[in-house]
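Trainee: We have chain L already, so just place chain G on it with the hints.
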Amino acid sequence: MLAFIARRLIATIPVLLFVAVFVFMLLRLTPGDPAAIIAGDNATADQVDAIRAKLGLDEPLLTQFMIWSGGVLSGDFGESFFFKKTVAELISQRIEPTLMLSLCTIILAVLIAVPVGVLAASRQGGWVDRIVMGFSVMGFSVPTFVIGYLLIYVFAILLGWLPVQGYRRISEGFGDFIIRLIMPSITLAVIYIALISRITRASVIETLGEDYIRTARAKGLPGRVVLLRHALRNAAVPIITVIGIGVALLIGGVVITESVYNIPGLGRLTVDAVLARDFPVIQIVIMMFSFTFVLINLVIDLAYSVLDPRIRY
Amino acid sequence: MAIVSTSLKRAAAVGLLTAFMSGGAMAQTLRVVQHGNLTILDPIWTTAYVTRNHGYLIYDTLFSADENYVTKPQMVDKWSVSQDKLTWSFTLRDGLEWHDGQPVTSEDCVASLKRWAARDAMGLKLWDFVKELKTVDAKTFEIVLKEPYGLVLESLGKPSSQVPFMMPKRIAETNPMEQIKSQIGSGPFIYKTDESKPGEKHVYIKNPKYKPRAEPASGLAGGKVVKVARVELVEMPDTQIQANALIAGEIDIVEAPPHDLLPILKAEKKIVLADWNPLGQQFIIRFNHVVKPFDNPKIRLAALYAINQEDYLKATVGDPAYYKVCAAVFICGTPFATDKGGEILLKSNFEKSKELLKEAGYDGTPVVVMQSTTLPILTNTAPVTKSLLERGGFKVDMQSMDWQTLVSRRTKKDPADKGGWNILHTFSVSADVLNPISTSYLVAAGDKGWFGWPTDPEMEKLRDAFAKETDPAKQKELAEKVQLRALETAQYGWIGQWYGPGAHRDNIKGWLKAPVPVFWNIEKTGS
Chain L
97 MLAFIARRLI ATIPVLLFVA VFVFMLLRLT PGDPAAIIAG DNATADQVDA IRAKLGLDEP
157 LLTQFMIWSG GVLSGDFGES FFFKKTVAEL ISQRIEPTLM LSLCTIILAV LIAVPVGVLA
217 ASRQGGWVDR IVMGFSVMGF SVPTFVIGYL LIYVFAILLG WLPVQGYRRI SEGFGDFIIR
277 LIMPSITLAV IYIALISRIT RASVIETLGE DYIRTARAKG LPGRVVLLRH ALRNAAVPII
337 TVIGIGVALL IGGVVITESV YNIPGLGRLT VDAVLARDFP VIQIVIMMFS FTFVLINLVI
397 DLAYSVLDPR IRY
Chain G
137 MAIVSTSLKR AAAVGLLTAF MSGGAMAQTL RVVQHGNLTI LDPIWTTAYV TRNHGYLIYD
197 TLFSADENYV TKPQMVDKWS VSQDKLTWSF TLRDGLEWHD GQPVTSEDCV ASLKRWAARD
257 AMGLKLWDFV KELKTVDAKT FEIVLKEPYG LVLESLGKPS SQVPFMMPKR IAETNPMEQI
317 KSQIGSGPFI YKTDESKPGE KHVYIKNPKY KPRAEPASGL AGGKVVKVAR VELVEMPDTQ
377 IQANALIAGE IDIVEAPPHD LLPILKAEKK IVLADWNPLG QQFIIRFNHV VKPFDNPKIR
437 LAALYAINQE DYLKATVGDP AYYKVCAAVF ICGTPFATDK GGEILLKSNF EKSKELLKEA
497 GYDGTPVVVM QSTTLPILTN TAPVTKSLLE RGGFKVDMQS MDWQTLVSRR TKKDPADKGG
557 WNILHTFSVS ADVLNPISTS YLVAAGDKGW FGWPTDPEME KLRDAFAKET DPAKQKELAE
617 KVQLRALETA QYGWIGQWYG PGAHRDNIKG WLKAPVPVFW NIEKTGS
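Just so you know, the sequences run in chain order L and G.
Everything in the first sequence is counted per the working numbering, starting at 97 for the first residue and increasing by one.
Everything in the second sequence is counted per the working numbering, starting at 137 for the first residue and increasing by one.
With the rest of the complex left out, here is chain G:
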């Protein structure tokens, strides 16, 4: 009897505590932990993925990529292109409204596109071809090109950072080099500035006036139907605490739990692992082309011969269920993927590496490999590189530092022994590397390119040709040539694809498959 009484008291106490902790609106509030803290709220000003995710909550886009990466109209109702493929006309859907109640107009879209094009690599490329961007009436605007461009819709519907989000004209006219100060969009959620506390949480409520498209949601396209009253992006940097809080039911979704915690989460009955980003991510090894020894293409090629994808993937991800060896620079399974030439990245050939080093006259100067110790997914890439390059005949000086130091040091063009660098590793969301224009690592225009600053006029010619081409079959041929050229000059190495499932409570349904975690379509039942 005493035992029963004690148990009842304990149950009552736990019930009381649970009631204590939970609010009445809990079932309608989706609590999400992202992969990093959201600090900057201007998705045009930064390329940070957390800021892009914030953008998808409160802004809408003219076009969006669906689950199969086909670009579909979103804010746009009708669009047309002239016979000569120079004039593109877009008409907005009826009833689009900003969060402050003002109608969305073509002037807003023109201003938004101009600001985006001043910052984004794909926007900059598109703007090389744009002769004029003008409004026709309140709902229609036109893009007039100097010559045909093959990626107009793909640019406007670019899925990942920096996304051409539409903003009210007065906000979009902010200098692209300064952050916007207001968070008014026309998207499915409204940002609650008064309730959001940076470093603690960011609060979004359902936009009651949002008019979703009639089509079912697919990827980032289709009807963005919001099924919860409120989304809270909870800032929680410690991944162990994220897992504990998810198990305890204090949060609903963890966007990217680390791979070592997946077995623990998988073992929990009330936790579901969700493959929300089926394309995953791609690891990159980047050479610094402007300092010795990687200013010599033969030495870069020797490095590519020494490495192999499997070793990186085993060391970083571990479980083969979450990685894929892939010879294609443009992500296996997507339209421009090809294996041609990529086989050198799949199997180490140390003899060939040594032979190339000898031909190139490599003098044994240590290669400085920067290792990030604070971004767990990248921490083990540098030791693998060190081991493989040493077996391939290189001398390697691996220098460990936090990620913030690394991103700062990678901007330096000094020789490696004077504060510069030779090799860094990073990763990219696959959606950012699906074609030669969106893949920033392929830019070979020296200072205008990504860190490492490769210069290769031939590569730029190929990228331009791809951009101008409107026939998909010819685009595919050009994409293949781009891949071969990147390998021939050893511009950089793509060292494997990996996947990081999200984790959510079992009362969460409808998490869409997309390259970006989006929170429309998600239902939450119970508490």
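Chain L on its own, in the form it takes in the complex:
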């Protein structure tokens, strides 16, 4: 097992190297000049040139890459062109909102989707099943930002029950913290509830047709025990896979949700950095996302062996 983990971690090195080169080149080749943005609208071309030189953007691409990659290898992720803060500092400030939003979303999605999926499977073809599948299709179809704006309109503007936007850290009080995460988590969770409940339903239905389920029923086990202990456990591998994929895809979802609810997380940082062409920030954030993606896949693989003892690495 440890050898497997080590192998997988070593395999991330070429992935990260490729991402580093790709993102670095892509940023330099796309139009947009951070120096011109920093200088402001009333600046002259001379002022823009001076700032470009100051940021080292007038150096050849290879030199720029060597300087940047040398810094990263020695643990120096560079400094934002705009904020005059290190990239590490910016990320450390923004990581909590994103982590908390992701965590709440996944917990909410799993807590709702798995039982609903199992319920739909156990009532296959019935009205419960049809309702669940109907909502599932709707969850897939409605864009995240539409759900966000609808929830804001109903629960913040019309009813005044929840705040429109913003984020409070846990250290500023749990009440303030959780109340601001309710709508963003629901918004982001809708699509995952749809996805996970569908897969759960399909997987459980498939398992319910297996011989050992018939055997369990023949033994006289109650329907609930058969469903939860025998069917669900054996249906878990595809469910875990889709949850893992969901966690990875959350990275894209938080970008939109954080923008809709004005949450100062990594998603907003990425959007702001891309719009401002803040190269040092974009490079490190994307590498971090890539690394997270690889790690999540590793965790999913390890989870398989826990859920299914037949799988060994």
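Honestly, I wouldn't trust all of these hints.
[To be verified] Once the Cα atoms are required to be at most 20 Å apart in a straight line, the calculated DMTMM-like pairs of lysine to aspartate or glutamate come out as: (1) G:K305 x G:E278; (2) G:K406 x G:E659; (3) G:K270 x G:D330; (4) G:K337 x L:E185; (5) L:K181 x G:D330; (6) G:K428 x G:E491; (7) G:K317 x L:D142; (8) G:K333 x L:E268; (9) G:K584 x L:D142; (10) G:K305 x G:E243; (11) G:K548 x L:D154.
I should point out that these hints are in silico values taken from the structure, not numbers from a laboratory.
Mentor: For chain G alone, coordinates are given in the frame of chain L:
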């Protein structure tokens, strides 16, 4: 009974939630959303307006423009000018202190002026005339000129970016090409570095040691009396969320809601629209003078004949309550405004445009018009230009891009079909375009000028003459000549004035009328 009980429970729940969300200090905290994110904190290093606004919170100025754009002393107590108009002497007010408790001295001011003059167009112009800048004593300094200059006080009291803010000497001695690292000023608010989180909010607290002038506040001048304990500049890029948050009472002020949201905000009982910047903004159409076809003045003039202000204003702002057709380059209603010659910008004359193109030998090469799709107020300017120029006989290639790409591409002097450009649109706060010196679009010194790089020695002579002139009547004559010259050479086009009111909760009082949103004098009552 059950209904009453349910309602009571709901009311209690809402009350609890509201209490949950609100802090005890909410009434004393003014929460403001600016028109953009504040990322750079050095108002001399960038011309960005959000950074200028930050500057007004924490720094003070030697002079300031009042509500009528008259320059008034601010940090300066007394000033005098010699008979020959060459030596200007300034004495600071008593009791001025930096946020770290050190006294403000004339040495600080000298260092601050030197750094500002190295970056700002109006400062650079002033410095062409400065022979010496020296301290006399701890509170007095002198500017000695080589020859009389008509805009000394106007330069020192320049209202908009880049503003000559005063900084402690050790900070002001930072290389003008590098950002300052410390946020210590002597202004009415203190920046809380430890509480500010870029991308989330910037926090300022009232400066308890600030000594406001005795005069009532007017524009950017007069007594800067702070009436709230704390100002938070909340970063909120989405304009719909800004409006929602304002309606829900989570923020107090939105500096510049987009025009399409104004009817919604106007309909809300607890929201007030405030015309805090009565001079508004001016749209600009800029030609690239160094590449074909606009290196030919006749072709530029043909373009000016094809356009008209009303079409731009209708397409961008829409509601006539928020725009004004104005023939004057120096903003209607201000001292140097004149209609002379500007009528060609008010009505399209497509026949004249075609005639000029024929005379100029225009070969039908498409004109590349850059369209910004991410700055809503500018998005519709390019399609209007495309339509009008095509009717005037041009071929137009409109290329859409985000604003950041546009500001990058506008620095390129390559031919338009090789990554360069022919036309761009922008806008300027009116306070930046009130005279021939502060209006950067009028600089006609080639590479030293604004993007588009016009070269016109005659225009530079006129601007110099204006700068040297100290008689207001003669200045006005020269300003008129500048306008006529700009139109004669079709240096650029001013394509209408527009206004963007701010929006605030009805418990906010005292938002001053000025070209910059300022937060002294504002009171907040209730929660």
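Trainee: Each hint: holds or not?
Mentor: Status of each hint after checking the structure:
A threshold of 20 Å between alpha carbons decides the hint, and for K305 (chain G) with E278 (chain G) the separation of about 16 Å falls inside it, so the pair holds. Proximity of K406 (chain G) to E659 (chain G) is assessed by CA-CA distance (about 16 Å); at most 20 Å being required, the pair is judged to hold. Restraint check for K270 (chain G) and D330 (chain G): the C-alpha separation of about 36 Å exceeds 20 Å, so the hint is violated. For the suggested pair K337 (chain G) and E185 (chain L), the alpha carbons sit about 16 Å apart, so the restraint of at most 20 Å is met.
With a C-alpha separation of about 13 Å, the suggested pair K181 (chain L) and D330 (chain G) falls inside the 20 Å cut-off, and the hint holds. As the CA atoms of K428 (chain G) and E491 (chain G) are separated by approximately 18 Å, the hinted pair is consistent with the 20 Å bound. The hinted pair formed by K317 (chain G) and D142 (chain L) fails the criterion: a straight-line CA distance of about 23 Å is larger than 20 Å. Distance restraint check for K333 (chain G) and E268 (chain L): the Cα-Cα separation of roughly 15 Å lies within the 20 Å cut-off, and the hinted pair is therefore satisfied.
Note on K584 (chain G) and D142 (chain L): the hinted pairing holds, with a Cα-Cα distance of about 7 Å set against a maximum of 20 Å. Under the criterion of a C-alpha separation no larger than 20 Å, the hint pairing K305 (chain G) with E243 (chain G) is consistent with the structure, at around 7 Å. Straight-line distance between C-alpha atoms of K548 (chain G) and D154 (chain L) comes to about 14 Å, which keeps the hinted pair within the 20 Å bound.
Hint check: violations occur at hints 3 and 7; the rest are consistent with the structure.
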